[in-house]
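Asker: Order-wise, the sequence lines are chains Y and X.
Position one of the first sequence corresponds to residue 1 (the working numbering), numbered consecutively onward.
Position one of the second sequence corresponds to residue 1001 (the working numbering), numbered consecutively onward.
Don't take every hint at face value.
[To be verified] From chain X, some residues computed to sit far from chain Y (all C-beta separations above 10 Å):
#1 A1044
#2 A1052
#3 A1058
[What the hints assert, rightly or not] Below, in silico cross-link-like pairs of lysine to aspartate or glutamate (DMTMM-like), each with a Cα-Cα straight-line distance of 20 Å or less:
#4 K44(Y) / D1007(X)
#5 K44(Y) / D1003(X)
#6 K44(Y) / E69(Y)
[To be verified] Listed next, with one range per pair, are the computed distances between beta-carbon atoms:
#7 L1020(X) / G45(Y): 24 to 34 Å
#8 W77(Y) / G1062(X): 29 to 39 Å
#9 C1091(X) / T12(Y): 44 to 54 Å
#10 Y162(Y) / C1091(X): 22 to 32 Å
FYI, nobody ran anything at the bench for these hints, they're computed from the structure.
Computed from a predicted structure; not experimentally measured.
Beta carbons are placed, not taken as given, at the ideal position from N, Cα and C, and that holds for glycine.
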Amino acid sequence: MTNPSALRATATRAGVVQGMRDAIPFAPGTLIFGASVGAAAAHKGLPALVAIAQSALVYAGASQMVTLELWSNQWRWAALAAGAGATAAINARFLLMSAGFRRWIGGLNPALVYSTLFFLTDPSFAVGARRFAAGERDYGVTLGVAMVLYPAWVMATAAGFYGGALIARPERYGLDLIMPLVFVCMLTSFLRSTRRIAPYTAATLAALGAWLWLPGGWYIVAGALAGALTAAAAP
Amino acid sequence: MTDPSFDWAMIATTALVTYLLRAGGYFLMAAVPMTGRVKAGLDALPASIFIAVVAPAAVKAGPVGVIAVGAAGLSMWFSRSEILSIIVGLCMAAALRAGGL
Chain Y
1 MTNPSALRAT
11 ATRAGVVQGM
21 RDAIPFAPGT
31 LIFGASVGAA
41 AAHKGLPALV
51 AIAQSALVYA
61 GASQMVTLEL
71 WSNQWRWAAL
81 AAGAGATAAI
91 NARFLLMSAG
101 FRRWIGGLNP
111 ALVYSTLFFL
121 TDPSFAVGAR
131 RFAAGERDYG
141 VTLGVAMVLY
151 PAWVMATAAG
161 FYGGALIARP
171 ERYGLDLIMP
181 LVFVCMLTSF
191 LRSTRRIAPY
201 TAATLAALGA
211 WLWLPGGWYI
221 VAGALAGALT
231 AAAAP
Chain X
1001 MTDPSFDWAM
1011 IATTALVTYL
1021 LRAGGYFLMA
1031 AVPMTGRVKA
1041 GLDALPASIF
1051 IAVVAPAAVK
1061 AGPVGVIAVG
1071 AAGLSMWFSR
1081 SEILSIIVGL
1091 CMAAALRAGG
1101 L
């Protein structure tokens, strides 16, 4: 028997092909979410180039949606700070996922790893985690997922930007609710695997309280911290 | 109209924050051991974030928002299909509004 942790990490062409295949189930959700982000950016009045650049450079839909909510049509330091804070809170999960990669691919060329960690997403982590848990050590799989989903994400944003603006009175079709609807789907997936009452009650109360009494987007940070601290207090 | 300097500052800031998080865990993990409490807190973080986004947004949209988001959540719980559940939520909101709620 070989000890999986003793295997040397690699990044092969075969792994990339495998990863591209593993990414296919995630493509429909990526396309719809990307189009939603594009439509939301158009709704907010952003120029097309800015909307597409946001998807190409940030590549994290949930945080992009929230940042769009906080966007200002003039220079405001407070909006910039709220955007950075909300982005950090929403994308803090990447810190954990990225930490997980150290155990799996620690031996790889740092230039390759740090240049490609930009493409770390929930699907790429999910696919990678499954392969690595099975004892494989091929980082190419994670890269293959990004090769399918990154272009899909950017193109869907552009399509949603132009297509979404064609729809008059979006609230008539419930499209103003698309952000909370996408989020409640993500939330439900997480609740299936981690059913914890106290942290999530704390998060709900803190978020609603902060939303009522604090300005800007800080309610997201407040809810996130309340949930995490409650869980940390009683692990 | 938007302010181009603000637009690009916002994108640069959020892109940098996001990349630092994506690379940061890998970088720090070489040195920082994770205790049980840190792990428990980080495990609860994603769902807490989603709750913090969903709850105020649903309440803000009134009864239609709460019912549509609830319907999408229930659909997701039983079907595990994001696309179906988003469509369920959209149809629910459209139907309620067409009905005058």
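Asker: None of the hints should be skipped; say for each whether it holds.
Answerer: Hint check results:
no.: 1; hint: A1044; verdict: violated, 3 Å
no.: 2; hint: A1052; verdict: violated, 3 Å
no.: 3; hint: A1058; verdict: violated, 5 Å
no.: 4; hint: K44(Y) / D1007(X); verdict: holds, 12 Å
no.: 5; hint: K44(Y) / D1003(X); verdict: holds, 13 Å
no.: 6; hint: K44(Y) / E69(Y); verdict: holds, 8 Å
no.: 7; hint: L1020(X) / G45(Y): 24 to 34 Å; verdict: holds, 29 Å
no.: 8; hint: W77(Y) / G1062(X): 29 to 39 Å; verdict: holds, 32 Å
no.: 9; hint: C1091(X) / T12(Y): 44 to 54 Å; verdict: holds, 45 Å
no.: 10; hint: Y162(Y) / C1091(X): 22 to 32 Å; verdict: holds, 24 Å
The earlier numbered hints that this structure contradicts are 1, 2 and 3.
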